[in-house]
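Each residue of the sequence shown is one higher than the one before, starting from 36 at the first, in the working numbering.
Just so you know, not all the hints are guaranteed correct.
What the hints assert, rightly or not - In the DSBU-like style, the derived pairs of lysine-lysine whose C-alpha atoms are separated by at most 30 Å in a straight line are:
hint, residue 1, residue 2
1, K43, K79
2, K52, K79
3, K52, K80
4, K105, K53
5, K79, K105
6, K80, K43
For the record, the hints were derived by calculation from the structure and aren't laboratory data.
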Amino acid sequence: MDDCIFCKIVRGEVPSKKVYEDDEVLGFQDIRPLAPVHFMLVPKKHIPSLADAAADDAGVLGRMLTLSGKLAREQGSPDGYRTIINSGRIGRQDVMHLHMHVIGGPQPLGAMMPKSNA
């Protein structure tokens, strides 16, 4: 997509701090990190959201998941990490190109969401 910021990063039109690249996946540092380790993994193919992924996208999605641990360790989160994929408006997806946040660091992360009494 011409106006998609992540497609522009994949094509090299917008600079990024790459942590990984292969034929299907690009990994780069988040521009507003929430933790000492915070990078994104995106499929090079434009998939708007996880809800839009097709059966033939399963390989690249699996690749992103399996890469997350290896890259988290390499980036400084050896004892665990969090993966987040927001999907759609309700899921607070802000860029409509499927992307996985990988967040971690040397210290435990805080709660993802406040506990509810419901």
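Now the hints, each set against the structure:
1. K43 - K79: holds, 10 Å
2. K52 - K79: Holds, because 16 Å separates the two Cα atoms, which is no more than 30 Å.
3. K52 - K80: Satisfied, since the Cα-Cα distance of roughly 19 Å is no more than 30 Å.
4. K105 - K53: Holds, at about 15 Å.
5. K79 - K105: holds, 19 Å
6. K80 - K43: Given that 30 Å is the threshold and the Cα spacing comes to 12 Å, the pair holds.
Checked against the numbered hints above, the structure violates none of them.
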